[in-house]
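Protein chains in written order, with my numbering: chain F, 139 to 720; chain A, 139 to 720.
No lab work stands behind these hints: they were computed from the structure.
Do not take every clue at face value.
Copies of the same chain are indistinguishable here, so a pair counts whether it falls within one copy or spans any two.
[To be verified] List of simulated lysine-lysine pairs, DSS-like, C-alpha gap at most 30 Å:
#1 LYS455 - LYS325
#2 LYS359 - LYS202
#3 LYS649 - LYS325
#4 LYS550 - LYS172
#5 LYS369 - LYS271
#6 LYS602 - LYS172
#7 LYS717 - LYS649
#8 LYS717 - LYS602
#9 LYS153 - LYS202
#10 LYS328 - LYS153
#11 LYS367 - LYS408
#12 LYS367 - LYS422
#13 LYS369 - LYS422
#14 LYS152 - LYS599
#15 LYS325 - LYS367
Here the structure is a predicted model, which is why all the values come from computation and not from measurement.
Number of protein chains: 2
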Amino acid sequence: MQILDRINSPMDVKKLSEHEMETLAQEIRDGIIKRVNTIGGHLGPDLGIVEATIALHYVFDSPKDKFVFDVSHQVYPHKMLTGRKQGFLDPSYYSKISGYSNPAESEHDHFVIGHTSTSVSLATGMAKARDIKSENYNVIALIGDGSLSGGEAYEGFNNAAELNSNMIIIVNDNEMSIAPNQGGLYKNLKELRETNGTAQNNVFKAIGFEYFYVEEGNNIKTLIQTFEKVKNINHPVVVHIHTLKGKGYKPAEEDKETYHWQLPGFLEPKAAPFEQETYNSITKDFLLAKKQQNEPVVAITAATPGVFEFNSDFRAKMGANYTDVGIAEEHAIAYASGLAKNGAKPVLALMSSFVQRTYDQMSQDLALNNSPATVLIYWGGISNADMTHLCTFDIPLISNIPNIVYLAPTNKEEYLAMLEWSYNQTEHPVFIRVPAAPLVSTGMKDTTDYSILNKFKVIHKGEKIAVIAAGGFFSLGQNVREELSKCGIDATLINPCYLTGVDEEVLESLKDNHSLVITLENGEIDGGFGEKITRFYGDSDMKVLNYGSKKEFTDRVSLDELYNRYRLKKELIVEDIQKILN
Amino acid sequence: MQILDRINSPMDVKKLSEHEMETLAQEIRDGIIKRVNTIGGHLGPDLGIVEATIALHYVFDSPKDKFVFDVSHQVYPHKMLTGRKQGFLDPSYYSKISGYSNPAESEHDHFVIGHTSTSVSLATGMAKARDIKSENYNVIALIGDGSLSGGEAYEGFNNAAELNSNMIIIVNDNEMSIAPNQGGLYKNLKELRETNGTAQNNVFKAIGFEYFYVEEGNNIKTLIQTFEKVKNINHPVVVHIHTLKGKGYKPAEEDKETYHWQLPGFLEPKAAPFEQETYNSITKDFLLAKKQQNEPVVAITAATPGVFEFNSDFRAKMGANYTDVGIAEEHAIAYASGLAKNGAKPVLALMSSFVQRTYDQMSQDLALNNSPATVLIYWGGISNADMTHLCTFDIPLISNIPNIVYLAPTNKEEYLAMLEWSYNQTEHPVFIRVPAAPLVSTGMKDTTDYSILNKFKVIHKGEKIAVIAAGGFFSLGQNVREELSKCGIDATLINPCYLTGVDEEVLESLKDNHSLVITLENGEIDGGFGEKITRFYGDSDMKVLNYGSKKEFTDRVSLDELYNRYRLKKELIVEDIQKILN
């Protein structure tokens, strides 16, 4: 009989003794480790917040009191205490409970959250709504030290400080972001930790918060004592708790970056991975070669070096030519613009889902200034991701900004040629959508001159039907062409290379002996690349079908289901074509 | 003979005596006041920074030393000292020099800048480029206290603090944003001012900067002494200078908000404006009525209440139901989401150009959560604005985000009906593009049920040609229809109301007796509304022409020239139509 068996809601936590709560903490850890080992997920941050979550539910009264968990990297223990433990104890139920805060699962969650640095702003809105409706309860925002580097978090703190009412911000300081923290702020957190919260300079006090420090952030009793002090307080406070990321699983305590998030199977010893060429490895080789040639290259990441395999070896070799700006994508873009304008060669790597955090910087700091920075967009495309981490919106987001060149390579040689061109040119901000797929190599050096913008490559000249297949969907285009050839149609195949414009000459020439154009792009159709082709043909007799994803948020839907839904399979596309031809 | 006559570059400033510099300050002020009175522009911030600019050019060596001016609201004196004084002294030359930092004008400007909170990030990039190229000079970022509320500024400070090299940040504290400052940070600035920079809590020191305070921020001698102390310093420093916004023009000193920016003719006494109904006035009336009904309405602005005429009278009446979040658009959206999710009724007003600063928050905090907030987008459309303040990108930006409903009213009654519907519904985040035009009234209450999404209004059923004219371009659609009727064509006229989807039923029905559809939208065509219509007809015989602005940054180009360039005139559109019909 486990303690967890008795926990069906936070009410049950309140009945436990201190000793039982400590046992409960261990049971929660076991559940987390087993779940992550089976389906993957966030490990270190969840292991570190177990005691604090128990203490919070012991002291506060959720859902009357409102918890808002920043980025949801630390939400598993909360889920286990709020009616969702089955999602952590029963493997057949794992996939029913997401890894992120989700109101559809429980009244104890108030928002779907998966991007960083939002909790304080969201909680400030909740607190203000409470106040103008003359209601009375606690609003508690939890935010990790890593999330504090994001500008939205700062904007939230700055405004939360102005509330003349209850607002409790728990700063969960585990001395780590996803990777090591970056920024002046973190020296202050260190000072505060080293002085038991009494350092002369205190950034939280400076902007107007009452401040509490808990050194033993994994001690349930101490946490409860502090939370009881701030419960029902009538002004904004920060409770800074010092926790151990990965607590209770030694490898995660020792290698915090590796165990921040894990793929399934991490408990089993693994063979060393077979060294093979990937888009990640050739990107790193490219950057290291520039560094060795004493080029003023600066490789930049915004707190997610692991995504690009910018590992410690790579970082050490790059030295001063590597910058991790922390979770601060806005700064990353403006910083890249400053570097480029002053003669350095910035290459910024961003995940598609996170480039969303920088539209104004892409437009104003980069595009308006025609700063020749290179931005690599990773993971762009349709996937079975959580709804918070979809990578289908970057083409509409980026490609409608003037002056930006957005390239979509289809293989290794093309990618390297684009990267080299982008690196050396001084005219445009260039984005490259790194293929989110196993590396494809033609074995032949690509000698295209990419300075001739919007020049499509006609891979095969056929007739009747033209398939324009961009980036990651080029192979789908090849398959469609092959399928059509089985029906006796010799279709034209085009690799557009550019997502930011159309090749009017090529498109015009298609009118001669084609009646239908198919566009394929691995992302949202609305506002995307294909619609530009369709518009070009608006005044002509050419028919056009655009393929890509629908304008929707999907949540962990399998790729197969999505490809069926969006008709992104060669046989479905050929079916559509035949309907039009007949 | 003026001192200014002798100043053709910063080198000439270095030759002046202290007394001559004081005279120069007065001459600069005179020039600024006359220019703004003639062509409009930023007044208060420029008047306040005159002495500091003289002192900076006296001490530092631009362009070898690099100045980056945040948002450019304080760049006029710099322009006058760097070869561009004619743009402030010769009325026939005024329009040749923009009101914003611009490298095309001078080697002393390094970026086009017009949006806030970017200078520290840009300068950090410049400093890093200097360091890896082993160059040696000062990089100086200027930023106003108002700009410090923006998250990008904080991200910049946090990263700048990590440079182990020269980086000088001048915080120009004139105790004002565009409107009064908002946020806990400003209490700290006040403490610092009141203690001559010695307050115990110091936000700049807390995040790792050496700190200097200059109380007499309009005293050239004191400023020079301090700047000389930090010149060539080998680590990041903040120089906090206390200046008087509007200095030297009494009305601007006394009413800092009104004189932050002025239209031409402010020197002449004005008659009280004729009280007439505008989209601004009916918006305010709507909000005040909700407040009076004890509704949980919260009107929100991000530091630009003047744009919406949220004047002091309105703010006083709204009381706790009004929030200015400062220059913090990201927070504004997340805050609105928190309010809406907790039962309040947020109505957030944003300028089209500034909604760009919030894409990720619109997507994640608002849309993914289906938070029923209302966001009013002002000034959307083609204009003769500076390239930094174009309002043509909001449709592609917003309308491709899932779950958002973006409405485009064409007259007063429609706007109020949409606003009322949005306010009361609980299903969707709703954006409304407030017409950027004189108010049009039909005199008839609009009883449309806007909960039936994407339902277009067929205003006139004709044949052959259908004109789908959205929002601000509805009247252009009416004109095109009239022009066509002169040629004997009875065109269909449609008001789509929604920018986020298409009415498939209406579009399908047009196929019966139409061969050409025209779409008109007041904004960028790429990724916009019209392309969705074109895509719908991609597999049919319908021809479609999309009208709107091109994907480009335009800089103070007259509306007439733009309308010609984009063929946004009834006669040009009819010309295009006839080409297709023949």
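Okay, the hints, checked on the actual structure:
no. : hint            : result
1   : LYS455 - LYS325 : within (25 Å within a copy, 44 Å between copies)
2   : LYS359 - LYS202 : within (23 Å within a copy, 59 Å between copies)
3   : LYS649 - LYS325 : neither (63 Å within a copy, 66 Å between copies)
4   : LYS550 - LYS172 : neither (38 Å within a copy, 60 Å between copies)
5   : LYS369 - LYS271 : within (20 Å within a copy, 54 Å between copies)
6   : LYS602 - LYS172 : neither (56 Å within a copy, 66 Å between copies)
7   : LYS717 - LYS649 : both (20 Å within a copy, 18 Å between copies)
8   : LYS717 - LYS602 : both (14 Å within a copy, 26 Å between copies)
9   : LYS153 - LYS202 : within (18 Å within a copy, 69 Å between copies)
10  : LYS328 - LYS153 : neither (36 Å within a copy, 47 Å between copies)
11  : LYS367 - LYS408 : neither (47 Å within a copy, 58 Å between copies)
12  : LYS367 - LYS422 : neither (50 Å within a copy, 42 Å between copies)
13  : LYS369 - LYS422 : neither (50 Å within a copy, 38 Å between copies)
14  : LYS152 - LYS599 : neither (73 Å within a copy, 67 Å between copies)
15  : LYS325 - LYS367 : both (27 Å within a copy, 25 Å between copies)
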